[in-house]
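J.: Listed below are the residues making up each chain.
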Amino acid sequence: MNRIPPEIETLLWSVAESGDDQAINEFGDRYPEQRGELLKRLGMVRQLKGARPHEGPFGPPRFEVPRSSKPTFAWPKWTWVPATALLGVMAYASYTFTLSVINPVQVPDPIPSGVTRLPIVRSNNNQNNPVIPQNLPRDDDEPRIIEDKPEGNTPPVSKIVTLRFERISLHTALDALGKQSGIRMEIAPNLEDPDISVNYSGYSAMQVLEEMGMKFGFSVFPQGDNAVLIIPEVDKKKQQGGIVEPAVPVLPEGIGKAIPPTNTDTRLPSKPSTGGGG
Amino acid sequence: MVSTILETVREIPQDEDARYVERFLSGEQGAFEQIYAKYYEKVYSVARGILLDADDAADAVQEIFTQVYKHLANFDRRSKFGTWLFRIAVNRSIQFGRKTKYRLRQTELNEQISEERTPEALVGDPDISVALSQLVPNDRALIVLFYWEEMSLAEIASSLDCSENAAKTRLYRARERFKVFYEKVGI
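Quick mapping for you: the protein sequence lines, in order, are chains B and D.
Be aware that the first sequence starts at 1, since it is given in the working numbering, and climbs by one per residue.
Be aware that the second sequence starts at 279, since it is given in the working numbering, and climbs by one per residue.
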């Protein structure tokens, strides 16, 4: 069987569906070889159209109103957009509110009044590492933190504090601790400032500081006068190999004496690399 | 100001169907009966063409009008009421067909009846019924809307929720398949 070209195929259907005698005759004259096909399609279309069912002599049956007789009200489709947006806003507000209840955000001032930033003094041979302070106290020095008591009965270092932060910079956390306890923080400028999360409750300010020091790599030196010096922890491995690795800045004159903890405290350098002793 | 514009818009004469819809939605029950009387035959014809069974078609029509009754408030008036109604009619009839087919298969399995179900003959040439029964319901819907309801391609496209070009292509294929089956039956 020869395949009918698509354009003639389309024409065949159009003529058969129109049922127009003139169009049928014209098609027959133009494509006499397709006359048989046209007649077949004409018959098929007529039969198909004639097969349409009609309702019976009694007309349509009675429509039974559904039990829930009132038509249900429905919001127009476009209302989904603002509704979804509103839902999103409510979800976000709820999330923020819950977060603030569970974990109240305490954002202290960037540099509170009680915190002193130390200037960096760099050594000549190593531009990247600051020099260890010359006036670091010797091991035999007594801690002097008790000597300077604040106005209240409890010294700031012993003050019970609560510190809860999620993803906050280390410096900000230290500043907050300083503000809360009354300790004046002297933070070495080369102390790194990573984002940290802390949760301390019911500990003294000094305990919190020491714990944080162990965790985040810094040493705490009580300076008296409600002040503490915070310097980055020295790399112990390098120290053991005899390499001089200055890691803390030179304290400018006028800054109080730092009192190191005992030798058993592994967080501090066993010996100051540049000797001295003030 | 806005209310004046709305009033003006409302006063613009609308087509008969839109008026029926408005009246029904404002609480006039009789308006729906007028819609039902006007469209029953057309909807029945579509359902019958798709389902090929008079009883199933009658049941499907009741379902279709129940759906329309319940959800008339959802009719967004961007298209003609008739187009919206036919869309529901086509979709519900196809769904009804699937449901009936499943039920029938279950019955046959239970009763171990293996007889082939023959389509109920339509008016005129019985070959038409047989050829239609060979088509898938979607093809039957296209044939019915085009040849029985004499809808334009644009109206068919709206009723089947597709583009006019898609409707044209699908109709062409459905017609070709119908022709093949019809000629086979006639041999």
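Because the hints were derived from the structure by calculation, they are not lab data.
Keep in mind the model is a prediction, meaning the values are calculated, not measured.
Where a beta carbon is used, it is the ideal one built from N, C-alpha and C, also for glycine.
Please note that the accuracy of each hint is not assured.
[Said to hold, decoys possible] Simulated restraints, written as ranges between beta carbons of each label pair:
hint, chain 1, residue 1, chain 2, residue 2, range
1, D, 308, B, 5, 49 to 57 Å
2, B, 5, D, 378, 35 to 43 Å
3, B, 162, D, 351, 52 to 60 Å
4, D, 349, B, 103, 16 to 24 Å
J.: Indicate, hint by hint, whether the structure satisfies it.
T.: Taking the hints in turn, this is what the structure says about them:
1. At roughly 56 Å, the beta-carbon separation of residue 308 of chain D and residue 5 of chain B lies within the given 49 to 57 Å, and the hint holds.
2. Roughly 41 Å separates the CB atoms of residue 5 of chain B and residue 378 of chain D, a value that falls within the hinted 35 to 43 Å.
3. As the Cβ distance of residue 162 of chain B to residue 351 of chain D is approximately 57 Å, the hint placing it in 52 to 60 Å holds.
4. The hinted window of 16 to 24 Å between residue 349 of chain D and residue 103 of chain B is violated, with their beta carbons roughly 48 Å apart.
Checked against the numbered hints listed earlier, the structure breaks hint 4 alone; every other hint is satisfied.
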